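Enquirer: What follows is the residue order along each chain.
2 protein chains.
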Amino acid sequence: MANWENYLESNKSRFLDEMLDFIRIPSISALSEHAGDIQRAGEWVADRLNAAGIEGVRILPTNGPPVVYGEWLHAPDKPTILIYGHFDTQPVDPVDLWSDPPFEPVVRDGRVYARGSSDDKGNMLIPILATEAMLKAEGSLPVNLKFFFEGEEEIGSGHLPATIDSHKELLACNLVVSADGLQWREDQPSLLVGFKGLCALQIDVVGPNVDLHSGIYGGTVQNPIHALVRLLDSMRSPAGDVLVEGFYDDVVPLSAADREQIAAIGHNETEYREQLGVDRLFGEPGYTALERAWVRPTLELNGIWGGFQGEGSKTVIPSEAHAKITCRLVPDQNPNKILEQLSAHIEKYTPPGVKISTTPKAAPSPAYRIPDDHPGNQAAYAVLEEVYGKTPYYTRLGGTLPVCRLFLDKLDVYTVTFAFGLEDENAHAPDEFFRISSFEQGQKAYCKLLERLSEQAGL
Amino acid sequence: MANWENYLESNKSRFLDEMLDFIRIPSISALSEHAGDIQRAGEWVADRLNAAGIEGVRILPTNGPPVVYGEWLHAPDKPTILIYGHFDTQPVDPVDLWSDPPFEPVVRDGRVYARGSSDDKGNMLIPILATEAMLKAEGSLPVNLKFFFEGEEEIGSGHLPATIDSHKELLACNLVVSADGLQWREDQPSLLVGFKGLCALQIDVVGPNVDLHSGIYGGTVQNPIHALVRLLDSMRSPAGDVLVEGFYDDVVPLSAADREQIAAIGHNETEYREQLGVDRLFGEPGYTALERAWVRPTLELNGIWGGFQGEGSKTVIPSEAHAKITCRLVPDQNPNKILEQLSAHIEKYTPPGVKISTTPKAAPSPAYRIPDDHPGNQAAYAVLEEVYGKTPYYTRLGGTLPVCRLFLDKLDVYTVTFAFGLEDENAHAPDEFFRISSFEQGQKAYCKLLERLSEQAGL
Chain A
1 MANWENYLES
11 NKSRFLDEML
21 DFIRIPSISA
31 LSEHAGDIQR
41 AGEWVADRLN
51 AAGIEGVRIL
61 PTNGPPVVYG
71 EWLHAPDKPT
81 ILIYGHFDTQ
91 PVDPVDLWSD
101 PPFEPVVRDG
111 RVYARGSSDD
121 KGNMLIPILA
131 TEAMLKAEGS
141 LPVNLKFFFE
151 GEEEIGSGHL
161 PATIDSHKEL
171 LACNLVVSAD
181 GLQWREDQPS
191 LLVGFKGLCA
201 LQIDVVGPNV
211 DLHSGIYGGT
221 VQNPIHALVR
231 LLDSMRSPAG
241 DVLVEGFYDD
251 VVPLSAADRE
261 QIAAIGHNET
271 EYREQLGVDR
281 LFGEPGYTAL
291 ERAWVRPTLE
301 LNGIWGGFQG
311 EGSKTVIPSE
321 AHAKITCRLV
331 PDQNPNKILE
341 QLSAHIEKYT
351 PPGVKISTTP
361 KAAPSPAYRI
371 PDDHPGNQAA
381 YAVLEEVYGK
391 TPYYTRLGGT
401 LPVCRLFLDK
411 LDVYTVTFAF
421 GLEDENAHAP
431 DEFFRISSFE
441 QGQKAYCKLL
451 ERLSEQAGL
Chain B
1 MANWENYLES
11 NKSRFLDEML
21 DFIRIPSISA
31 LSEHAGDIQR
41 AGEWVADRLN
51 AAGIEGVRIL
61 PTNGPPVVYG
71 EWLHAPDKPT
81 ILIYGHFDTQ
91 PVDPVDLWSD
101 PPFEPVVRDG
111 RVYARGSSDD
121 KGNMLIPILA
131 TEAMLKAEGS
141 LPVNLKFFFE
151 GEEEIGSGHL
161 PATIDSHKEL
171 LACNLVVSAD
181 GLQWREDQPS
191 LLVGFKGLCA
201 LQIDVVGPNV
211 DLHSGIYGGT
221 VQNPIHALVR
231 LLDSMRSPAG
241 DVLVEGFYDD
251 VVPLSAADRE
261 QIAAIGHNET
271 EYREQLGVDR
281 LFGEPGYTAL
291 ERAWVRPTLE
301 LNGIWGGFQG
311 EGSKTVIPSE
321 AHAKITCRLV
331 PDQNPNKILE
341 QLSAHIEKYT
351 PPGVKISTTP
361 KAAPSPAYRI
371 PDDHPGNQAA
381 YAVLEEVYGK
391 TPYYTRLGGT
401 LPVCRLFLDK
411 LDVYTVTFAF
421 GLEDENAHAP
431 DEFFRISSFE
441 QGQKAYCKLL
451 ERLSEQAGL
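Line by line, the protein sequences are chains A and B. Per the working numbering, the first sequence starts with residue 1, numbered consecutively. Per the working numbering, the second sequence starts with residue 1, numbered consecutively.
Rather than coming from a laboratory, the hints here were simulated on the basis of the structure. This structure is a prediction, so every number in the text was calculated from the model and none was measured. No false leads were slipped in.
Short derived list, chain B residues pointing at chain A, Cβ under 8 Å: (1) 220; (2) 223; (3) 225; (4) 229; (5) 233; (6) 296; (7) 306; (8) 399.
Each residue gets a CB set at the ideal place from its N, CA and C atoms; glycine is no exception.
If we strip away everything but chain A, and leave its shape as in the complex, we get:
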């Protein structure tokens, strides 16, 4: 057993306690009242890097949430790897659907239940702990390492482009390894080779200048909720195609090879459907559910509100109604162009008698694709195969990791995702959890990955 392996083994319970400490910071990036918690989480990460033996730890100045940087650069002639993760979390509502308070982690059945446990605090802690084990047990690392942890991934990493631009030399590397990502199943590893892009929009509909009594005014003015549902309904066909003009224009058609790679996974739609508790799956016709999730663009309504939401009846015509939309994009869709198409659609389909305005939410981000046989992928593939004893799948994600695209565009390096969350862990939903077995296996896998990258050709 390697020295680092012994170290990981004997520090297990301390590492778990540290994860729980980290999770207790309610670092929700979408809500400005948590700005102080984002700051605290960044400082927690900086302290933890220092404790691990990482050097030059600092909080990079940005115009947004803090970015935490650290490095260990004493492996001459070896590649330099930049490790990425994020310490912000999703919001917690609807909070009444949680079994326990979201930021008071509960350990149950080998899992840690809490917001941020899987996405991404538990996962981003893994490479820090792996590094500590190697440094403390071996005295050195097999590669040069840089750490780069952000605090606004869940709202689209809007300030990262500028931060990366102004630290290009500091961040220069041969490969990025992302500690944000997924494995396929507890017993099945996977290599993520594609992410969707994203753009997000809030729609605000304003009608009469005050909420009106629907008995006195009903039938005389456009009801903002009616106008909103009409507008939103115009964006999608009954079958599930997006009807925004031009939406599919730049989409790279699905190749036979893509279809084969996705089909090879043997995704069981019945099982998937039953797991979600729906009587049928639904989406753009002509594609499997996995193809739709991974390589077809989508438009989803994430939130809607207006008027009375209490328990009884309130006979009101509200002054306002609102909705939030995100589009998940694929190569070669341009998120800014899609936002323009959405705005044009909204203008064209605005019902009479209301005013509609839109606000982009989250930073627009294009899709990302890494070649299957990239040297970083080769190293990750070998380690996953060794650790799991199984050939990894090549997978995609409908989710967005804007930073992959940023690193490619600005630092000219690809990002390999090497993370240990699973799809069933309720990321972005109530009762998020992270498996402690994944947490521990991930630490070993990271040590092996650094060793493998040290010898990897082509980097």
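Got chain A sorted already, so can you dock chain B onto it with the hints?
Expert: Structure of chain B alone, referenced to chain A:
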């Protein structure tokens, strides 16, 4: 000057203080946490009736909120008048749009600002004060009086049918006078001769069994918000017609006489539109705004909610989405039949991949119409003409006073509305207010009405 008039004059400031006390009780009937406040408001009314010299004051047992009864029956050979009002209020949200806390009345520019000031606490207090003035200053009343105040008008008076059924003898009378209603303008009286009926429904859409990450699951399942907006959009044409099958089947067509009576009011649509701050009016084609508001049935969305409503972006496919609908009905629509038609429509138009359930909200109530020349109307007309110095308009209300219909069906008496709220007083909206001048003028008008009814032929 009559003795009662002196009494009203010298007790002005006490009466105003009493109105403020009454308003401070947050008796919101739609929210079950305010059940205790409804009870307190009922007790306040009972105490106030006793103080006025009313006899036999009691709280009638019901299966719902309390009903307060009182009587004065010492005018042999004179008609018996039952005075109606309600001491419950609308909810207060959106509470952040109020200039002051809704249940802390503020007196400003001759107005009392608070929830319930106009609808209906200020108005229902008027006949109590008028009665006190006559009893204390004259020693007797010119007619026999019964008082009947309820605490669930704002949620459709669901328990009133049973309460009236079991107290038919107690409530027997020659005419009901409602202290819930409206005048046309500060300087223009009106006689309300028709109310719309009402039925209300909540729609609950359930999709996946938990909120899903829209990146991971987007495009694979029906989004409950998409399903809801599709369903709701199917209920109304772009022009504003209700598309629920059978909705207009039983509607009594608008007669030429009705149109003339409504046109006589000289409703200024431009002024109305500007007051509401919209760039155009909107509704069922072929009718004026006032015709739509008064005599055409409507379907309005009163509330909608689902998914993320916070400030940023949360990329979720929510498990649920919800909406609240009310229909305002006209003669001869049957509210239960309309609810069935709505349910059939919802079943027919439920999009694939979600389950939809509906719950009726508020008690279904048919529309109400009193003959223009009813003896009660004749008396009210004469008093209004005298007090305002102007010929009253004959008006209708899109709003619903279910109790008018109940009294007609169960006690075989018509209800004359005799109340002093105005349409601009934000009933059901933030910053509701009541004019102190209306409060005072109303007290005089009630005294005169009782005198007039004492001599009215045909009752």
